[in-house]
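Listed below are the residues making up each chain.
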Amino acid sequence: MFLAATLSIMTVMLLALIRAFAGPGLFDRILAVNMFGTKTVLLVAVLSVLGGQPTFIDVAVVYVLINFISIVAVLRFFEFGRREDEAEEGR
Amino acid sequence: MMSAIFANLPALQVILPLLFAPICFLLRKRGAAWLLAFCVSLCTFAVSIALFMQVSAAGPLSYAMGGWDPPWGIEYRVDSFNAPFLVLLSLMFCVTLAFSYKSVEKEIVQPRHALFYSAFMLCVAGLLGIVITGDAFNVFVFLEISSLSSYILISFGKDRRALTAAFQYLIMGTIGATFLLIGIGFIYMMTGTLNMADLAVRLPSVMDTHTVRAAFAFIIVGMSIKVALFPLHVWLPNAYGYAPSAASVFLAATSTKVSLYVLIRFTFTVFGAGFAFGAMPLQPILLVLAVTAVFVGSLSAIFQTNIKHVLAYSSVAQIGYMVIGFALASHAGLSAGILHMFNHAVMKGCLFLVAGCVFYRFRSARIEDFRGLGKTMPWTMGAFVVGGLGLIGMPLTAGFVSKWYLIMAALDHGFVGFLIIAAVLAGSLLAVAYVWRIVEVAYFQAPDEVHENGKEAPFILLVPAWFMALLTLYIGIDPSLVVGAAESAALSLLGSTP
Amino acid sequence: MSLFIDIISWACILCGGFLGVTGAIGLFRFPDFYTRLHAASITDTLCAGLIILGLILQAGFTLMSLKLLMLLGIFAYTAPTASHILAKTAFKCGLKPVLYDQKGGGS
Amino acid sequence: MTLVFGLFNYWVAMVLMMIGFYILIASGNLIKKIIGLNIFQTSVFILYISMGKIKGGAVPILTEGTEIYTNPLPHVLILTAIVVGVATTALALALVVRIKEAYGSIEEDDIHEKDGSL
Amino acid sequence: MLVATALSCIFVRDLFAVIMVFGLYSLLSAGFFLSLKAPDVALTEASIGAGIAPILMLGTLALTRKRSEPQPRAKKSLRSALLPLVVVSLTGVALIYATLDMPYFADPAAPIHNHVVPRYIEQSGQETGIPNIVTSILASYRGYDTLGEAFVIFAAGLGVLALLGFLSDGSGREYWQFEDTANLRHHAVLHVISKILIPLILLYALYVQFHGEYSPGGGFQAGVIFAVAFILYALVYGLEAAYKIMSPVVLRYMMVIGVLIYGGTGVLCLILGGHYLEYGVLSDYPKHGQHIGIILVELGVGVTVASVMMTLFFTFSGRAKRSVLKKQGVET
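Keeping their order, the protein sequence lines are chains A, B, C, D and E. Each residue of the first sequence is one higher than the one before, starting from 755 at the first, in my numbering. Each residue of the second sequence is one higher than the one before, starting from 26 at the first, in my numbering. Each residue of the third sequence is one higher than the one before, starting from 26 at the first, in my numbering. Each residue of the fourth sequence is one higher than the one before, starting from 466 at the first, in my numbering. Each residue of the fifth sequence is one higher than the one before, starting from 4 at the first, in my numbering.
Chain A with its partners taken away, still in its complex shape (with noise of 0.2 Å):
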């Protein structure tokens, strides 16, 4: 059963990882990038939970918002390039 669940996870994170290699647009990247960030948090509480590693469960935490923070920011920076693209087009 353990095995079961990690090994699924697992398997979502290799795909989630090549479609982060392969995706052809930047957003599948960022899209595929933070799947892959969810499904580390779920390996790690997974392990933490079954493998009896109850310290584990705090760097799971740090990892959801770090990884949420981190989209918000590659986001923010589309955006910040949106505009200055269209402060240079308007000069």
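No lab work stands behind these hints: they were computed from the structure. Incorrect hints may appear among the rest.
As the list claims (entries may be wrong) - When the alpha-carbon atoms are kept at most 30 Å apart in a straight line, the in silico DSSO-like pairs for lysine-lysine are as follows:
#1 Lys113/C to Lys247/E
#2 Lys400/B to Lys127/B
#3 Lys54/B to Lys127/B
#4 Lys400/B to Lys54/B
#5 Lys54/B to Lys247/E
#6 Lys117/C to Lys198/E
#7 Lys131/B to Lys54/B
#8 Lys518/D to Lys290/E
#9 Lys131/B to Lys183/B
#10 Lys113/C to Lys198/E
#11 Lys183/B to Lys54/B
#12 Lys183/B to Lys400/B
#13 Lys247/E to Lys290/E
#14 Lys183/B to Lys127/B
If you're wondering where the values come from, they're calculated on a predicted model, not measured in any experiment.
Since chain A is already given, all that's left is putting chains B, C, D and E on it; use the hints.
Just chains B, C, D and E now, kept in the frame of chain A:
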């Protein structure tokens, strides 16, 4: 109270500049920041002198940080090899600060002065920390403090090329530091300890493994980058050339020496000369590289147009001499190398100070700017001539003493020794060429309009320059003090080999 | 009782795992970014929720399950938000969804 | 066979180091160089942490009834090194920004061209 | 997986994608650390490598991306491609050569498990009274390294300030007036979510800070998480709003205060008659003193790291804003 201070001298040596750097960072007034830095530098100098006295009177000192005994905690260790280095470093710290009051005012915009002094103090603290520590990993940490702050110092330079120089230095420096980290990791893996003395005890039993050999190679290569040994010297000329004058004075005089110190420390104290020169082909490699460095450095120096670049390339060459001494691995060679490290610090400090004076007047330091300076700025040029003669190795200057010892050491090595002597002599001839080029411009060419009304550099800039020049002469005339220190340093290095 | 909890939790975890795999396949098979996002985000939220729920049941009433609950809460907040802004920014940056009548023109 | 399994982790770390190092010296883009630097350093960290691993060792937090702990010393060293690494990265990035402002480019070749003969 | 990620860094051309992949790489290696039972390190690597570093890189990219991008450049001479390869292979050979005699992975007989470390494991509980061995070594046995590290971070903050400068420094004054809340208003969802999330993150940071003796965590991690909360705030509500809460001047003081707390603890120990950073003298009972010392020191590190990280982010994004303004200034 006094005894408490004396007991904690090794800690104070580093802590003083380290802790006052952030305070300095907050000071808004330029004068205040400088004054604070200068006071700290005087204290540091006093501490280092006291340490030197203690060590020469009572032998090596050991100080346990945090009260934990050495293999577990971090140890500070002062012996007759690094005590003179501490003195040298804090001396340069004082001299450069005295110089920087005026120079920085001119070269760096006002709001950043406090930042400059703060970075400068961090840099000094980092270098002192590297020298004094007896823990391999601690070397890495302080190496990073000093290198980060020296990148900052270099990037303060006005020219935009200062930025690329700093970036290049950063990349190279970090590669070097990471190599050092890998090397330390390997030896840690084999021995399980990070303390240098403990390493020296535990290494011989695993000496024959591939891992230790590779570790040695990594440490040597990593530090060679920092030392700017010949093929890895590309960062140096630009970094010194475009840094603000005060920064280049200090960095040129000390930073590569400290890296060389680490190199020597690891080779002799940690690995032991027997391993370094017996099991590894260190000697031929270093000798060849060093001799090439002498030639390449000197030749490049001849073709530079900017005086700071001339001096920087000449540094590459002079580093070659030091490495020759160190690669000979005999008592005489080692003491010659160490001697030259001191003498070169003094001479190069003097020359860069002069370059800073000229830069202060004309906002550039190309060779053309020296036209007629022999008349308009006689004192400045006087100091330059003294320093230049030292570089060439004329008798009665410091350079002569160390080259003499180097040649004496080489004589013990038969045919190779003769080749080395030839290289040293040829290098001196090349040095004559590049120094003469500047002197000729200064004394035998008439100043053009721009430089005609140039006047003597301010007194406060001349004092440090002449101080260093006089020091050069003093060492040349009466070398007993420095030679004694260098010899006992070499003795302690070779004596501590297992 | 404990067997009952075990069964439920394992069912949750398995369902979650299954959903995750589905989502990942969706990430591969769907034609354009928006459908992929759809596949990924929906399964993601539910999958995470289910798995953590299962884990909480496994862990019992401890500090651990409290932290897991917190994790679940953060997930419930962040995952949809992330998908939301992702879609929004993508749309604003001019990435158009593939419509029915112009098949194959993706990205 | 034991050789391969025994050293596999280290080899992975070595390969990573080489990749990072390659990116670091081969790419002309300054940002990419920094990324290479980071990868290089991270793989050194992996090397350190790998050597701290011990068979059956628990997380190095003292708990009742556990006898073997993973070696904590490399963890400490690497904590330090990670922070040092991020400090270097930040400084390098700041330099890149300034270089871009001064030169209008972050490609190494461009910069050398613009400097003319250095 | 790690190898694949790293390799892809070479081949992916687009810088932005490289940064994303780098973030992935960090996350992966953090997972790797976790599987090697190093939760402290994993925590740090995740928050720094996957959090702060890519954000900073993105900031730089935002500043440098424009105008140089269009020209495709693939002209690489053979020499410039070969030389690195040779150097790298040499290094690689040396590295592999080194591994041949290494103790095997996870071998309990390896020297590092038997020399210095046993004492930490056996006695740190009695000597410092702290269960997390990593914390006790970090803050006490090798506290001096950590001091150096705090100063390295401080130096980085100082360097970035020197190179880029704050928005509000000197002539930058007018940029304060720049209002971009209009641009941010449409992020209603984001606003609400962040409002809920940020206090949570701050709380969690405090937990990591003060619970670091018992579970993974400590000053660095807490500092980074703390800073991340503010970064989120700045991202969502605009830099302006963030400045109002945490002004650059305050940050500047905090940086200094952080390192001084650390250094000052050491000096206090000196004054009380111990060695530098010998916390035992801080209290009548050495163990108690150690505990006080470690908490103080971790606090110092936390403050330094948090303020420096915020400083880094603020300077980078402030710089970005300035460059936008310059263009808009040209426009009007």
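We went through each hint and held it up to the structure:
no.: 1; hint: Lys113/C to Lys247/E; result: 28 Å, holds
no.: 2; hint: Lys400/B to Lys127/B; result: 23 Å, holds
no.: 3; hint: Lys54/B to Lys127/B; result: 15 Å, holds
no.: 4; hint: Lys400/B to Lys54/B; result: 37 Å, violated
no.: 5; hint: Lys54/B to Lys247/E; result: 26 Å, holds
no.: 6; hint: Lys117/C to Lys198/E; result: 24 Å, holds
no.: 7; hint: Lys131/B to Lys54/B; result: 16 Å, holds
no.: 8; hint: Lys518/D to Lys290/E; result: 29 Å, holds
no.: 9; hint: Lys131/B to Lys183/B; result: 11 Å, holds
no.: 10; hint: Lys113/C to Lys198/E; result: 20 Å, holds
no.: 11; hint: Lys183/B to Lys54/B; result: 21 Å, holds
no.: 12; hint: Lys183/B to Lys400/B; result: 29 Å, holds
no.: 13; hint: Lys247/E to Lys290/E; result: 42 Å, violated
no.: 14; hint: Lys183/B to Lys127/B; result: 16 Å, holds
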